[in-house]
Each structure stands twice: as C-alpha cells, then as structure tokens.
Amino acid sequence: MATQDTFRDINWDDMGGVGLSGTGKQMLAFAALYLGVLAYDGLLLQDGLNVLLLSPLGMEGSALGQFVANTTGPTLWIPFEAVGLDFTFTWDFSGTDWLFIVTVAVGYFYGVKPLQNNPRLAANYWRQFKKNRAAVVSAIYLAIIFVIGIVGPLFLQSPEIQPLEAYQPPVFMTVPNTVPISCLGDVATNAAGTQVCQGTWAYPLGTTGEGQGILKLLVLGMRVSMQVGLITMLLVITLGSLVGTTAAYFGGYVDEVLMRYVDLQASVPSFFLFLILSYFFEPTLFMLIALFGLLGWEGTARLVRSEALQRTEEEYVRAAENAGASDGWVIRRHILPNVSNTIITNASLLIPGYILFEAALAFLGVTDPGIASWGKTISAGRGDLANAPWIATIPGIFLFFTILGFNFLGDALGDALDPRRGDT
Amino acid sequence: MSMRWYVARRLGWAAFATFVILSFYFALIQLAPGGGEAAFLFSAATEGGDVQQAEQTYRQIRGLTGPLHERYIDYIVNMATGDWGWSQTRNQEVLTAISIAYPYSLQYALPATIVSIVFGTGVGLYSATHRYTKTDYAGTFISFFGISIPNFWFGIMLILVLAVQAPEVSLFGLQLLPLPVYYQTDVVLNHGWVSWENFRQLVMPIIVLSTAQIAGQMRYSRATAMEYVNAEFVKTARAKGASDWRVLLRHIFRPALIPLMTIFIAQILGLFFAGAYLVEVIFQIPGLAKLSYDALIAQDTPLFMGTSLIPILLLLLGNLIQDISYTVLDPRIDYGDR
Chain A
1 MATQDTFRDI NWDDMGGVGL SGTGKQMLAF AALYLGVLAY DGLLLQDGLN VLLLSPLGME
61 GSALGQFVAN TTGPTLWIPF EAVGLDFTFT WDFSGTDWLF IVTVAVGYFY GVKPLQNNPR
121 LAANYWRQFK KNRAAVVSAI YLAIIFVIGI VGPLFLQSPE IQPLEAYQPP VFMTVPNTVP
181 ISCLGDVATN AAGTQVCQGT WAYPLGTTGE GQGILKLLVL GMRVSMQVGL ITMLLVITLG
241 SLVGTTAAYF GGYVDEVLMR YVDLQASVPS FFLFLILSYF FEPTLFMLIA LFGLLGWEGT
301 ARLVRSEALQ RTEEEYVRAA ENAGASDGWV IRRHILPNVS NTIITNASLL IPGYILFEAA
361 LAFLGVTDPG IASWGKTISA GRGDLANAPW IATIPGIFLF FTILGFNFLG DALGDALDPR
421 RGDT
Chain B
1 MSMRWYVARR LGWAAFATFV ILSFYFALIQ LAPGGGEAAF LFSAATEGGD VQQAEQTYRQ
61 IRGLTGPLHE RYIDYIVNMA TGDWGWSQTR NQEVLTAISI AYPYSLQYAL PATIVSIVFG
121 TGVGLYSATH RYTKTDYAGT FISFFGISIP NFWFGIMLIL VLAVQAPEVS LFGLQLLPLP
181 VYYQTDVVLN HGWVSWENFR QLVMPIIVLS TAQIAGQMRY SRATAMEYVN AEFVKTARAK
241 GASDWRVLLR HIFRPALIPL MTIFIAQILG LFFAGAYLVE VIFQIPGLAK LSYDALIAQD
301 TPLFMGTSLI PILLLLLGNL IQDISYTVLD PRIDYGDR
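Line order of the protein sequences matches chains A and B. Numbering-wise (the UniProt record's numbering), the first sequence opens with residue 1 and increments by one. Numbering-wise (the UniProt record's numbering), the second sequence opens with residue 1 and increments by one.
Keep in mind that the hints are not guaranteed to be accurate.
[Said to hold, decoys possible] Calculated Cβ distances over 10 Å to all of chain A for the following chain B residues: (1) Arg4; (2) Ala54; (3) Tyr72; (4) Ile100; (5) Leu189; (6) Arg246; (7) Arg250; (8) Ile263; (9) Val328.
[Unchecked claim] These stretches of chain B come out as covered by chain A in the derived footprint (C-beta under 8 Å, 3 or more residues): (10) 17-27; (11) 147-153; (12) 158-171; (13) 304-318.
Quick caveat, the hints were computed from the structure, so don't treat them as lab data. Glycine included, every Cβ here is placed at the ideal spot set by N, Cα and C.
Same shape as in the complex, but just chain B (with noise of 0.2 Å):
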C-alpha cells in the first residue's frame, strides 16, 4: 500500500467519524427532554407574550419542526456551513462566542503545553539514560506526584497557599504574592494580553495544568527512549569514544523524536480535556471550558453542546495529524498493517 493511499483513507475515515459524531449529537438533542424549553416559555410568559406562538418559536430555533429526515440534513448541513446556532445567554452566534473565549484558554495552555513538553521530555530522557540515579528516582516521585495529585484539589491548594493565605511578597516594586485568587477580564482590557498583571494571574493555572501533563511527558519519553538507551548502534557510539551529550543528543533522542514529535502535535490541539476543564472552572478564566460549563447550569443547549463537541473535533483532528505526520517522519513505517 503506497502512503498516499493510506493518508487518503486515514482522511476518508476522519470524516467519517466526525459525521457519526454529528448524527450522534443530533440524536441527542432530538430525544433530549425540555433543555431549555420551559426556561424559554417562562420569559415568554412573563413578557406578556403568546405561550403557544412563544413554544412554536422556539421548536423553530432548535429546528425541532418538519420530518426527521429534513431536521436531520438541516442539522448536518448548518453544523458543516459553520452555522451553530444561537445561544440564547449571551445574545451571540455559538460560534461567535467560542471564538471570543478560544483566546483566554490557549493563553494559559499553550504555555503550559510548551513547559511540560521541554521540561517533561527532558527528565524523561536524563532518567531513562541516569537509570537508578538520585535523579531517576526524583523524577520518578515527580511524576507520580503529578499523575496522582487532582488537578482541581491542586489548584485550590494553590489558592490557598499563594493567594488566600499567603504573605505579602514584592521584588523591584513587582509584587509577587499575594496571586489574585480568580481570573479577571479587566486585566486583558487594562493592560493587554502580554503584560506582568496578566502573567500574574495565569501563574497558578500554567502550574496546575503543566503539573499533569510533565508527568504523563515524563513518562512516556523515558518509556520510548530507553528503547534505545541498549541499542546497537547507541553501544557502538559509546564504544567509539562519544561523550554522554552526544550520545543523548544524536544517537538517543533523534530516533526517540519521531514518536514523541507525534504526541506533541497531539498534545498541542488536544488541549481542552479533563484537567483544563476544571482548571477554567476553578480560577474562573473566560475560555472555551468555562464558556461550556455555564452554558451547562444556564441550560443553553446550542452553547453547550457546541462547546463540548470542540474537544471532539480536536480530538479527531489531533489524531489524524499524529498518524499522518507519523508516516512522513518515520520512514521505517509499514503500510500493510494497517
């Protein structure tokens, strides 16, 4: 099989699933009880308005009006047009609203991303190739610490510490503790996206998520480095005089790179899953989580099923990038097993 072929049927089999997906959510919110409905009704109501024009009304928003099949097509092709819907708490298209929130999440993630992926990596190849080392061990206890420790726990404990508790801390005139507790919007607006006031806030959420993500780094760059570390060619390079850094460098890491290069892509578009949902919740930043866990208690139905199928999407195409970029990078890959 040539690696056109399968980069075709890789492409052939996203869109696939990403259409089941849609079929999937459209289900849902076909068999979904009220969402939202009565909330609807009752303003309507209150407004002096007809009830019965007011239901129908808002069957119409919802496209809960004409034969399955119609709603069906209606609902796939404004998914794929870009039309989302309406979110009736924020006045604004679906879209318009994850596209003003998307910055405040990639603000604090992609940082978070970049720190765990230099740092996270780096031990793990220092501790896959320092094998029972003082600093193996403390990698070890590193990880642990971070794969086990709850995010949410984490981060109120940091609040605790560093902002509700803790004493007052100024270096240069920069104040350094107390942190604010929650995330405020002003700041942005005040003094920009990149500015000391705005970094402040963003401490304790890049801590909290790089937390769990070193971890899981860590571990899976020694796991794929130490198949290496006992390589032939990696003896034969020891064997012929080179210093630790190259071995590491050139013999160790550049095969070790192509695996973990796919997760990083990975990685970067996956970054909204469990932990940065409750990250956004707790240090109460504007961004996509957030956006989707009000519109979760608000009972908003188009934001919040929009919002949640964001990380799906993500998800796919992250997927998709990591196979496809597989196949480039690594020329040993075999087409037929797959």
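So here's chain A without its partners, still in its complex pose (with noise of 0.2 Å):
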C-alpha cells in the first residue's frame, strides 16, 4: 500500500490550482440555476412558484382540483400519466423552502462530496464513528426522519379540521366510547362491561381534538423541525466561523470590535428576542429561522476565535503570508479548514437546540399559527391529557428521539474528527 501512495498522481485541478474543479463547475451550475428560478419566483410571479406532479387521475379528487383552483401563479405541471403512476403532489415554494435547498445543496457540495473525493478520509472516519452505536442508530433514525420529512408533505394537503372525527385513539389503543364524539374504528364491550371504540387504520396515530391525523402533523412537523434545525445551524456556523476567524487573524481593533460585538449579542437571548418581535410583529417560519441565524451565533464565533487563535500562529500561515497570500486567502485556505473540525462538531450540537426552540415557542402559540409543529401539537393536547393522552405523547416522542439522535450524533461527531479526543 505504501509504495502505491509514495508516487501519487496529482490532480492539480482537484487542488484547486488551475481553472474549476469538477465539483466548482458543479457549483457553479447549481448557483446559476438556482439563482435563476428564484429571481423567477421572486421577481416575476411575486406569489410563490408551485410544482405539481400528477397523473390525470388524480385530478378527479376534489382536494387537488380546489389546490388548482386556489393557487395563483403559474404551475409547473409533470404529467405522470405515461409512467402509470396513480399519485399527486405538490409543492408551494415559501422563503423557507428556499433556504432550505441552499442548506441541502451546502451540505452536499462541503460534506458529501469532500468525503466522495477522499475515500480513505471517508473510511478513517467512518471506522471511529462506528465505534459509537449510539451515534449510528441515530443517524440512521435521524435520516428517516430528513427523508420522510421532505418527501412526505409533498403528498400530503394540510390537515383539514374535522370536528366529527376529533379525539380517534390510535390503533394500539381503545378508549371509552365517550371520548370521541364518533367512533371511527370497532366499537367494542370490554371486561367492566363498558363500551369502548377502537383505533382504526385511516388514522393510525389517533386524531387531536380538532380531527386532525396525527400521523400527518407528525410527518410535516419533521420538515418544520429539520428545515429550522439545518437552515439555522447553516446560518450561525457561516456568520459564526466568519466573524471568529476574522476577529482571530487581524487581531487588534477588529478583534476588539467584533468580540464586544458578540458580547452584546450575547446579552439578548434569541428566545426573548423572538418573544418581543413576536410581539410587535406577524411571527413566521421564516423570521424565527433569520432571527436565530443572523443573531445567534455568538456562541460559535467566540468558540471558532478561541480555535483559529492558535491556528494563526502556525508555520504555515507565515509561510502562506510570506509567499504574498491574502488576507482573505490565508482565512480560507489555512485557517478554516483547520478550524473544520472544531465548526462542524459545533454544528450538529447547535441543531437540537434550534429544533427546541422552535417547538418550545410553537408551545407557547408565539409562532405562525397555520404551520404544523410538534411543539403546537403538543400544546393542543395539554388539555386533553386524562381523556387523549397519545396527542401530547406522541409529537414528544419524536421531538426528544430527534434532539436525543442530534446530539449521540454530534459527540461522536466530535470524537470521530477530533484527533486528541480520538483515545480518551
């Protein structure tokens, strides 16, 4: 193996040495395309694009046909028709939609593919990843829950309140017949001789007390969760690791500056500066998500300080320096890449905090009230916990299995990319 690695082939376009890379074309493709249907859904449509892929079929269903009817804006129509296939979905793109195919696109071109280009790199890691069970049952739970949670809203209209079907016990489940107003499921006489109804197939997780399916607002509270998780944590490492770096290299009046920044930033906490603007303001997704990105990430930026400090004291960014380098180059190319590490640990530890958060305001009905988090599910079964405990139950369940699995994952994150963490 070792003689093989002593004359490697260098790549120097891979190294970023002359023209774009492979995966830089593929940026860049990506950005233009990106960028051109944004400016066409922001610019020309005003309203949001929509994307509709259907057979015919399915727009016999009175649901889609009111969607149609309702939407304005033009429609990107994708007949399924000639595949065979008998289903429909759609996709109403908000601003957070937006950011959140930058969060996923970032991810793919700066995590995936760095670890497609370097598979031994890959494989290092892997090996003390697995180390940890933990982590990799949770990774795998937690990519379920990212897969379900972006895919499954695109076949699922919002949740329609029906007060006839209100309070159906889960399938696994019978309560008195008293409890729900119509019993969907089997009504059947139990021990005690009492009457009791059933769960039933059509809503596996029961209903709430407005008739919605909890199995559905499940499903689209995991893309509010992942979409406030990764978009907010995207935001904070970028504002976070920038400012920190900086502060770190220059040193001096912009280290002075910047760091008393953070430290009024850090004396307004994002929950109580959420509270107030909600207050003042119509909450949405959107601006807690830019709330807690552009004015959370204090915590990042002193630990990335702290980090890149020593850093800058390096051979090789003198050496970098002497050799004409940039300021900007030097940050780039020497520092944050040797700070990677240290940002991306932080990262997957600072998402359960914003999943949190999120619900814990969705909690206190301080966000936008039309969209499904297991936090408001939650608050909707407070009330009904000794007749419907299994509306409070369950959205918590997977709301603590999600920060619970993010955070498994970023200490063996951690422990994984840390070298002087690797044995203790």
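Reconstruct the complex from the two isolated chains, following the hints.
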C-alpha cells in the first residue's frame, strides 16, 4: 500500500490550482439554476412557484382540484400518466423552502462531496464513528426523519379540521366510547362492561381534538423541525466562523470591535428576542429562522475564535503570508480548513437546540399558527391529558428522540473528527 | 493592567450594554404597530368616552407624544429611576407586579438550582475520576437525557403520570399521589410558603427544571475536573498514598471550584430562561414568566416589555459578577489578555 502512495499523481485541478474543478463547475451550475429560478419566482411571479406532479387520474380528487383552483401564479405540471402512476404531489415554494434548498446543497457540496473525493479519509472517519453504536442508530433514525420530512409533505394536503373525527385513539389503543364524538373504528364491550372505541387504520396514531390525523401532523412537523434545525445551523455556522476567524486572524482593533459586538449580542438571548418580536410583528417560520440564524451566532464565533487564535500562530500561516497570500486567502485556505473539525462538531450540537426552541415557541403559541409544528400539537393535547393522552405524548416522543439523536451524533462526530479526543 | 482597572472597565462595559439594550427597547416601542392601543380605545368607546381624547391620553401614558429625543430621554430616565410604566391589565405599577410575582418564581427555581448544583457537580466529579465505569456511563446517560428531553413535554408527561392518571398513595396520613396539576395561589395564603401543601405543588416544577440544569452542570463539571485528573500534582498526591476521597476533594475539586463557582453565580442569577418560562406556563405558577406570558397574550405592552427586560438585565449582572469573581478567586488570571 505504502509504495502506491509514494508516487501519487496529483490532479492539480482538484487542488484548486488551475481553473475550476469538477465540483466547482457543479456548484456554479447549481448556483446559476438556483438564482435563475429564484429570480423567476421572486421577481416575476411575486407569489410562490408551485410544482405539481400528478397523474390526470388524480385530478378527479376534489382536494387537488381545489388546490389548483386556489393557486395563483404559474404552476409547473409534470404529468405522470406515461409512467402509469396514480399519485399527485404538490409543493408551494416558500421563503423557507428556498433557504432549505441552499442548505441541502451546501451540505452536499461541502459535506458529502469532499468525502466522496477522499474515500480513504471517509473510511477512517467511518471507522471512528461506528465505534459509537448509539450514534449510528441516531444517524439512521435522523436520516429517516429527514427523508420522510422532505418527501412526505409533498404528498399531503394540509390537515383539515374535522370536528366529527376528533379524539380517535391510535390503532393499538382503546378508549371509552364517550371520548370520541363518533367512533370511526370498531366499538367493543370490554370486561368491565363499558363500550370502548378502538383505533382505526384511517388514523394510525389517532386524531387531535380538532380531528386532524396525528400521523399527518407528525410528518409535516418533521419538515418544520428539519428546516429550522438545518437552515439556522447553516446561517449560524457561516456567520460565526466568518467573524471568529476574522477576529482571530486580524487581532487588534478588528478583534476588539467584533468581540464587543458578540458580547452585546450574547446579552440578549434569541428566545426572548423572538418573544418580543412576535409581540410586535406577525411571526412566521422565516422570521424565526432568520432571527436565530442572524442574531444567535455569538457562541460559535467565540468558539471558532479561540480555536483560530492557535492556528494563526502556526508556521504554515506565516509561510503563506510570506509567499504573498492575501488575508482572505489565508483565512479561507489555511485557517478555516484547520478549524473545520470544531465547526462541524459545534454545528451538529447546535441543531437540537434550534429544534427545541422552535417547538417551545410553537408550544407557547407565538409562532405562525398555520404551521404544523410538533410543539403546537403537544400544546393542543395539553388540555386533554385525562381523555386523550396520545395527542401530547406521540409528537413529544419524536421530538425527544430527534433531539437525542442529534446530541449523540454531535458527540460522536466530535470524537471521530478531533484527533485529540480520539483515544480518551 | 491592574485588577482594579480591569474591574472598572468591566463595570463600564456592563453599563454601556444596559444602555444599548434600553435604547433597543425604546426603538421597538416606538416602531411597534398598535400594541394595545386598539384595545384601550375600544374600552374607552364602549364606556361612552371621547375616542380622540382617549387616544391622546393613551399616547401620553405610553410616552408617544413630544419630539423623539425628549421621549428617548424620558424613557431612559424613567427606566433608570424605577418608573417602568403602568400595567393596564393588572392596574399596577409594572415594578410592583414584578416584585409580587418574583417570590413565586424564586420558590421553585432556587431549590431546583441548588439541587442541580449539588447533584450535578457531585456526579460530574465522580464520573471524571471514575471514567469508563458503570457509574460514568449512567451519568453520561442522565446528562444526555436531561439535555435532550424537551422541558415542556417532560412537564406534561409528569402531570400525566403523577397527577392525572396516578393512583392515590398516602404515607403516614400525608397524601403523596396524585399531585395537584396546577399551582394554586390559595395554598400559600392558607398554609404559608413553607408547608407540605405548597411543597407538593412545587415537586413537579422542581423536577422538570433541575433535570435540564443537572445535565448541563454535570457535563461542565466533568469537563472541568477532567483537566486536573491527570495533572502532576494529582499524580504526586496519589503516589504518596492519599486516599481517593482526599485526592478528589483536596486536589481536584479545589482548583476546579474556581470555574465552577463562577458558573454557580451566573446560574443562580439567570434563573429565568427559556426552561423556566415554559415551566411556569405549564404549571400555572404566577411567577415572573407567567406574568410576562399573560401580558403577551393580553397585549399589555409596558408589563410585557418590563418583564422581558428582567431576564436580560439579570444575565448582564450574572456575567458581570461571574467575570469579576473569576478575577478575585483565581490568582493565576492574566489581565493583559482582556
């Protein structure tokens, strides 16, 4: 093995030497396409772009007919008749969706792509990472939540309020027949002689007090949680590492001014800031993400700064400076890559916090009431604990495991990526 | 740089930060659309008053008349002299309402903080010195659980298990279960602050709040103690035959105490954060957070702004004391870096 490594062909394109690398071209193509469609959506249509994939058979359904009738702006139709599939999916692009697409793309270009290009490094990380069983299980669970959260809502219309179908128990449960207004499942008589209502597969996890299916709310909530967690994380990481590395590299007045601002920002917790803003302005999911992302990066900045301070003292930074590298180049090519382990670990530990904050604020009822957040469903089940405990319980279990999963993942990533933590 | 100069600079910075935050609040109030004005005018109209006059009165009460710079100076002076405005929904001075609510928050937050400091630090130190034992894994598990479980959901689940669906359990004539679901203010009036009845209704809030705090405390004290576990002076102590307890208390705990101590102070002062906010709303404790939440729902601007300023001021104060106590407690600190 070692002899093969001795004379390695160096692909200078991959090293960022001359011209654009393959990944660079892909990124450029993506950016062009993205900005084009975004401009088309934002500037020309004013209202969101709708993507509608459907088979003509699906048009018979009244819900979809209504949706088509209600949408303004052009709709992208992709008929599925040819493939012989009978389903529809709809996606009305919101500001949050646009940000989410960028987040996923950044994750691909800066997370997946480099690992693909460096199979040996990837294998090494994987060896470290898989030592932690809990983290592997968490990663699988989170991947499932992520995929369902993205794909699921495309096939779901937002849940309607159906008072007649309220308080249906989950399939594995029975409740006294007096709890639901009308029992959709089987009505049986139990040992004590009272009539009980059994759950039905129409609503596998039961319904809320407004008759909305909990499974549906869960799937919609997965998207909200993932969007809040991932987009906010990307914003925080970008700003935090930018400020942190800049402050550390330039030092002096730049450092002083930036870090004093960070101190100031740290003294107003984002949670309270959002409460205050939600009092004065109409709260939306976009506002929540923007607020936490743009005004919540002080912790990351401090962490990155303290790490980058050590890097700026290294020989290679001085060598680059003496070779005539610009400040931006040194930060981008020498300091940032060398603090990236800290950043990645910090990133994965930030996500659960944002998911938790979003759920907590939705629970308090100060976020956009039109969004099916897990926190909102828990809040809806709060008053029905005696009769219908499943409403508050089920979304909470998912919330808990999602947060736990990200915490395990972050911890394991820290162990796998940080050479100093490797054997402790 | 001398220590005195550092402390003076730190104090000056805290004052400046407070000033910036107050200015930010002023800007928000000025920019805010409505903010209870409609409700005030409506009540004036239904009571047969003159709407235009009412509007003027309202703007006067809210401090929205006069040129901007005068309003700004008025606002800052009022805030500094303790005139935080008048709460319409409670018919009280904002600061009076806050001082009435504060003890209700303190009575559960203080025990929860003490429990979490004692327990969290203890377990954290123990697992730092006994790494890879069953106890360490158990400690790690508890800390992951405490960090990950959403406070508000945990509270609801406790209500479900210990209050709504709990069987009746009594011991020596004292009723243990089920616990009361919501906090009753009458209990304090009838039985006093320190009574079994009052304690019973505080058990769940204390559990919920301390679970999250213990987890954080444990992680932090474990990490802090870890720095000293392999230090030279600890090895020397072990080599000369000091017992485990002596090593733990005299050689690891003492140096670790300085960073931990500063955290304690910040924690005790910063009692009212996101977690406590939700705890009060869930258990209906008429403390500071509930006051703030009710003001938010009822669109009582002065009360809401006042109550939401308290945690921010406490945070500033906590950080100030933390930084200063660090310099006082740790003789090794270098001021040149700050």
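A quick look at each hint next to the structure:
1. Arg4: 21 Å, holds
2. Ala54: It holds; B/Ala54 is separated from chain A by about 22 Å at its closest Cβ, greater than 10 Å.
3. Tyr72: With a cut-off of 10 Å, B/Tyr72 remains clear of chain A, as the shortest Cβ separation is near 18 Å.
4. Ile100: Nearest chain A Cβ is 21 Å from B/Ile100, so the label holds.
5. Leu189: Fine: 27 Å to the nearest Cβ keeps B/Leu189 off the interface.
6. Arg246: 25 Å, holds
7. Arg250: 24 Å, holds
8. Ile263: 15 Å, holds
9. Val328: 20 Å, holds
10. 17-27: Coverage by chain A holds here, the residue count being 4 at a Cβ distance below 8 Å.
11. 147-153: holds (count 7)
12. 158-171: Per the Cβ count (4), the hint holds.
13. 304-318: This one holds; 7 residues, not fewer than the three required, reach chain A with a Cβ under 8 Å.
The structure fails none of the hints (numbered hints given earlier).
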